[in-house]
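If you read the protein sequences in the order shown, they are chains E, V and G.
Letter by letter, the first sequence follows residues 1 to 317 of this note's numbering.
Letter by letter, the second sequence follows residues 1001 to 1412 of this note's numbering.
Letter by letter, the third sequence follows residues 2001 to 2293 of this note's numbering.
Read the hints as simulated data drawn from the structure, not as lab findings.
Treat the hints with caution; some may be incorrect.
[As the list claims (entries may be wrong)] Listed below are several chain G residues computed to face chain V (Cβ distance under 7 Å; list not exhaustive):
| # | residue |
| --- | --- |
| 1 | Q2007 |
| 2 | I2017 |
| 3 | G2033 |
| 4 | Q2052 |
| 5 | Y2115 |
| 6 | V2116 |
| 7 | S2138 |
| 8 | E2176 |
| 9 | T2258 |
| 10 | T2262 |
[To be verified] Subject to a maximum C-alpha distance of 27 Å in a straight line, what follows is the list of computed DSS-like cross-link-like pairs (lysine-lysine):
| # | chain 1 | residue 1 | chain 2 | residue 2 |
| --- | --- | --- | --- | --- |
| 11 | V | K1149 | E | K132 |
| 12 | E | K132 | V | K1210 |
| 13 | G | K2118 | V | K1325 |
| 14 | V | K1198 | E | K132 |
| 15 | G | K2118 | V | K1393 |
| 16 | G | K2118 | V | K1278 |
| 17 | V | K1079 | E | K279 |
| 18 | V | K1198 | V | K1393 |
| 19 | V | K1317 | E | K279 |
| 20 | V | K1317 | V | K1199 |
| 21 | V | K1312 | G | K2118 |
| 22 | V | K1317 | G | K2160 |
| 23 | E | K132 | V | K1199 |
| 24 | V | K1210 | E | K279 |
| 25 | G | K2118 | V | K1295 |
[What the hints assert, rightly or not] Cβ-to-Cβ under 7 Å is the rule here; a few derived chain E residues that face chain V:
| # | residue |
| --- | --- |
| 26 | P23 |
| 27 | P27 |
| 28 | Y32 |
| 29 | T127 |
| 30 | W134 |
| 31 | G136 |
| 32 | Q139 |
| 33 | S236 |
| 34 | S286 |
Every residue gets a Cβ at the ideal spot worked out from N, C-alpha and C, and that includes glycine.
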Amino acid sequence: MSGSNTRRLVALAFAVLVLAALPRFVPSFVIYQLTFVGAYAIAILGLILLTGMSGQISLGHGAFVAVGGYVAAMLVQSTGVGYVAAIPLAALVCGLFGLALGFVALRLEGIYLALATFALAVAVPPTFKHFKAWTGGVQGISLPPFAAPAALRGIISGDQWLYLITWCLVGGLLLVTSFALRGRLGRSLRALRDHPIAAVSFGVDPTFHKTLAFAWSAAYAGVAGTLLAFATAYVSPDAYGFALSLTLLAGAVLGGLDTLYGALAGGIVVEFLPFWAQKINPAAPSVVYGIALVLVMVFMPVGIAGAALRFRRRHAL
Amino acid sequence: MNRSGFRFTGFVAGAIVLALTVGAAAPAAADDPGVSATTILLGGTHPYSGPASAYASIGKGAIAYFAYVNDNGGVNGRKIEYKDLDDGYSPPQSVQLTRQLVDQDHIFAMFNQLGTPVNVATRPYLNQNQVPDVYLATGATMWGTDSDKFPWTIGWQPDYQSESIVYARYLLKEHPRAKIGVLYQNDDYGADYLAGLKKGLGARADLLVKAVSYEVTDPDVTSQIANLKASGADTFFIFATPKFAAQALIAAGGQSWHPQIFLNNVSASQTVLDAAVKAAGIGAVDGVITTQYYKDPADSSWANDAGMQLYKRVMAKYLPAADVKDNEYMYGMAAAFTMVDALKQSGKNLTRQGFMNVVTHLHETNNPFLIPGITIATSPTDRFPIRQERLAKYDAQAGHFVGFGSVINARS
Amino acid sequence: MQDLAQQVVSGLATGSIYASMALALVLIYRSMGVINFAQGEMAMVTTFIAWQLTQIGVPIWIAFALTLAAAFAGAVALEWIVIRPVERAAPLTVVIVTLGLFITFNGIAGWVWGYVVKPFPTPFPLTPLNIAGIFINSQDLGIIAVSLAALGAISLLFQKTKLGLAMRAAALYPEESRALGIRVSRMLALGWGLAAVMGAICGVMVAPIVFLDPNMMQGILVYAFAAAVLGGIESPVGAVVGGLTLGVLVNLLGTYVTAIGTDLRLTVAFAIIVAVLVFRPSGLFGRAKLQRV
């Protein structure tokens, strides 16, 4: 193993230890917030895949998060599937849904895709309300609190267990995505994003790659939706409106679309920016949010993680 | 990554941990959190941003009233500090803020948390941690009926189903052959009202010929009104929020449809009625029936009432720039009055258990913001603080609602 | 039969609301090639400005005129400060900027004017018209009339004037237009300004019906997008026809197709957008685009 790989693994192990040890030192509600950070990071990772790497603008990512949350809640409530087992199942369903949407998206690009996905985001809450028998309609579905498995019950709380699962997933999915994008797949996606016509003439199959990106990002959103549903212990249609899709996209952009680390930065932004914005302007935190978005796009379009990476590279850190 | 990169990562990780821990206060050692020698710390969430932000006035009204109480002796020598946070009506946000208030700020009790989905999401945690979760700003019936599962949670206002049942009973008595059409908002609020109406009609549920919903994203409800008119209904129930209630009244008047209209209490404010009169004339609103339990600040017939004058004084001093006619401020103040009442009765030695004891055995007859005759009464088996309402009919000549009949106990 | 006719007429009335906002969206698209997600919020803010003016005693028509002027000036300033730096960037960047503006304007309106719903004054007489048992508001007729007039003015501008030609050229072929001496940036700013004026007109016409609050335009925006897409995102005529059609369609589906009912209207709008974009992206009145390889 090369020196830099060893160092990378050591750094990773260090990060894992820090995260695992945090519950001992940090108040339980901060752990709770960090769980949300992790869940958002996973959702944003999917969005970075779709919009950043594959170049397909999506204003409807929240719809997949919603599907993930509802599928998980319905599974847990009606079929007695365990919490942890519900995660891959929800991801699968979302992935299929994303695949279907991906086929539709093939015919759209740029602004038109943005528009179609915007409409998707808006149409989701009423659809969930409509199918009352399945989704609980306007009342939503309440879940029992997340509990650690019997063997660990005395040692860690349900909250801490969810936190650990979430961050294991964040780490795992980051690694998987990083590996998968390293070779040909990543090059093909980026080629299709930047020079679609040239890429196609070189034999890159747009159908396969673009639908794959949609399905893949949807699956991640499904995982995120499941984790959010478990953390909140409640799903309701109005929690998944257009605002969620907008927030996730804003998080992805502010975090940085060009790099997978943008997902982490984005997760932190989505979770804490409203909180910080309230401190700057208690009457209108969204003004701060909106202005931040515009300023970042104008002055720092690569986002926080992108800028941090550039800074590191430029100063040889 | 070279050695410097490693250091960089470690630095970043450490910075994040530091930033997060710095914000966290050390846990207080007090037996009952939120109570010090000089203050009582209460927590709450209201939507100060987002689509439901019209209800932020409720939180503001409560804050103003607490300020007034603090300036006039406080509660048994203590001042009330009410930390009311913005959750944007989003359950994931409310849950996090609630935990923050309990775990980090160590509030004594949660007061007047707003929104049915919000409270459904937060009450398990609050009950698990034995935090009083009182006087919720929502009329969902479940707060009163779920008290065995969630004993630390209690509502305040007359619940939606009770209100519908009052209307149903009145209707069955006065117009037993009515043909009923309903317009309801497609969410838990509207659905609860509709469920109450069906319950109240009981065996005569067949009187309901058409129920049509609308979404808050709909620009207007003309299509729904046309649909209801076409069904031949001669009685029209509006279970809507103020803007849509106004639109419904205007559309009904505009399409020359003049059924007997029942308007739910939340939307029966002077502002709504005035807007309807302006757009569709007096005929659209004459004879509209609603129920009332608190005094409407936009209704000038309360001008010389002591309670209304108190309200205006408090508003003038603590919320000078606000629109005094917004009845949500009144709602917040009325609930805050009950809170102060319960806190006072809990005595100088303030504990959560003791407080809940007072809350479940409360008998309050002197709330200046409620209509005379309406009392707050709870017992361990009756977890609906306000069950009474009074029917009122809109008198177009006088230009406001006029109460009729006696105060009705909605849950008897 | 009368009920059906009433639903159609009500649909036309609601549809005209969508049509007027769709016109603003089309204007922006024609002159800048971007979709402005903040269009609704800009319209809403200008409507609040109009309201504020009437509250301090300015007579209605003067308030409207001042508002339109403010809308134009404000929009041009906005374009210069915020849009111009990202003019040539990727579509995503512009989309994000307009979304940022969406959030900002909504927040500002809530901050300054609060969220309590307010009635909005209208110069039109209030009594509804009764035509053979079918009722329509003069306000709705006013919206239809104003939309058609605006449509006429916009079409005239684009098709028959040199300025309109310059605007279209600047949007489609910026580099070539610059070479021909057209001040491209100025054309884009002009397009943005005119769209804001159209949005202000829409807001002021629509507010008496939907009442004034910071969130008044959000539901309308989705339907307006659906209308614009249905009619053809480049076609002003399409925007109006699309809006009216959508209004009627949504009403009829909501009333007579019980499987859909009133709660799936937005889903219907979504389905329309997607179906049109997939099968006939140029919409009813647009022209198919050819991509140069």
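Hint check:
1. With a cut of 7 Å, the hint placing Q2007 (chain G) at the interface with chain V holds, because the nearest CB-to-CB distance is about 6 Å.
2. Among the interface hints, the one on I2017 (chain G) holds; its C-beta lies about 6 Å from the nearest C-beta in chain V, closer than the 7 Å criterion.
3. The beta carbon of G2033 (chain G) is not positioned within 7 Å of any beta carbon in chain V (closest approach about 28 Å), and the interface hint is therefore violated.
4. Here the hint on Q2052 (chain G) is broken, as its CB sits about 14 Å from the closest CB of chain V, past 7 Å.
5. With a cut of 7 Å, the hint placing Y2115 (chain G) at the interface with chain V holds, because the nearest CB-to-CB distance is about 4 Å.
6. A distance limit of 7 Å between C-beta atoms decides the matter here; for V2116 (chain G) the minimum to chain V is near 5 Å, and the interface restraint holds.
7. Taking 7 Å as the C-beta contact cut-off toward chain V, the hint placing S2138 (chain G) at the interface is violated, the least distance being around 10 Å.
8. The beta carbon of E2176 (chain G) is not positioned within 7 Å of any beta carbon in chain V (closest approach about 41 Å), and the interface hint is therefore violated.
9. The beta carbon of T2258 (chain G) comes no nearer than 11 Å to any beta carbon in chain V, farther than 7 Å, and the hint placing it at the interface is violated.
10. The beta carbon of T2262 (chain G) comes within 5 Å of a beta carbon in chain V, closer than 7 Å, and the hint placing it at the interface holds.
11. Between K1149 (chain V) and K132 (chain E) the CA atoms are separated by roughly 24 Å; this keeps the pair inside 27 Å, and the hint holds.
12. Taking the CA atoms of K132 (chain E) and K1210 (chain V), the gap is near 19 Å; set against the 27 Å cutoff, the hint holds.
13. With a CA separation close to 12 Å, the supplied pair K2118 (chain G) and K1325 (chain V) stays within the 27 Å bound.
14. A distance of roughly 18 Å separates the Cα atoms of K1198 (chain V) and K132 (chain E); the hinted pair therefore holds under the 27 Å criterion.
15. Straight-line distance between C-alpha atoms of K2118 (chain G) and K1393 (chain V) comes to about 24 Å, which keeps the hinted pair within the 27 Å bound.
16. A hinted pair counts as satisfied when its Cα atoms are at most 27 Å apart, and K2118 (chain G) with K1278 (chain V) qualifies at roughly 13 Å.
17. Proximity of K1079 (chain V) to K279 (chain E) is assessed by CA-CA distance (about 24 Å); at most 27 Å being required, the pair is judged to hold.
18. Annotation: proposed proximity of K1198 (chain V) to K1393 (chain V) holds, straight-line Cα distance about 22 Å (limit 27 Å).
19. The straight-line distance between the Cα atoms of K1317 (chain V) and K279 (chain E) is roughly 25 Å, inside the 27 Å bound, and the hint therefore holds.
20. A threshold of 27 Å between alpha carbons decides the hint, and for K1317 (chain V) with K1199 (chain V) the separation of about 45 Å lies outside it, so the pair is violated.
21. Taking the CA atoms of K1312 (chain V) and K2118 (chain G), the gap is near 21 Å; set against the 27 Å cutoff, the hint holds.
22. In summary, the hint linking K1317 (chain V) to K2160 (chain G) is not supported, as the alpha carbons are separated by about 61 Å, beyond the 27 Å threshold.
23. Simply put, K132 (chain E) and K1199 (chain V) have alpha-carbon atoms about 20 Å apart, close enough for the 27 Å limit, and the pair holds.
24. Between K1210 (chain V) and K279 (chain E) the alpha-carbon distance is near 48 Å, which puts this suggested pair outside the 27 Å criterion.
25. With a CA separation close to 21 Å, the supplied pair K2118 (chain G) and K1295 (chain V) stays within the 27 Å bound.
26. Annotation: P23 (chain E) was flagged as interfacial toward chain V, and the flag is violated, the nearest CB pair being 12 Å apart, outside 7 Å.
27. Restraint check, P27 (chain E) versus chain V: the minimum CB separation of about 4 Å is within 7 Å; hint holds.
28. With its C-beta approaching chain V no nearer than about 6 Å, Y32 (chain E) sits inside the 7 Å limit, and its interface hint holds.
29. A distance limit of 7 Å between C-beta atoms decides the matter here; for T127 (chain E) the minimum to chain V is near 11 Å, and the interface restraint is violated.
30. Proximity of W134 (chain E) to chain V is violated relative to the hint, the smallest CB-CB distance being about 16 Å (cut-off 7 Å).
31. Given hint, G136 (chain E) at the interface with chain V, is violated; its Cβ is 10 Å from that chain's nearest Cβ, farther than 7 Å.
32. With a least beta-carbon distance of about 6 Å to chain V, the hint placing Q139 (chain E) at the interface is held under the 7 Å criterion.
33. Residue-level restraint check for S236 (chain E) holds (minimum Cβ-Cβ distance to chain V is 5 Å; threshold 7 Å).
34. Nearest Cβ of chain V to the Cβ of S286 (chain E): about 6 Å, under the 7 Å cut. The hint holds.
In summary, the structure is inconsistent with hints 3, 4, 7, 8, 9, 20, 22, 24, 26, 29, 30, 31 from the numbered list given earlier, while agreeing with the others.
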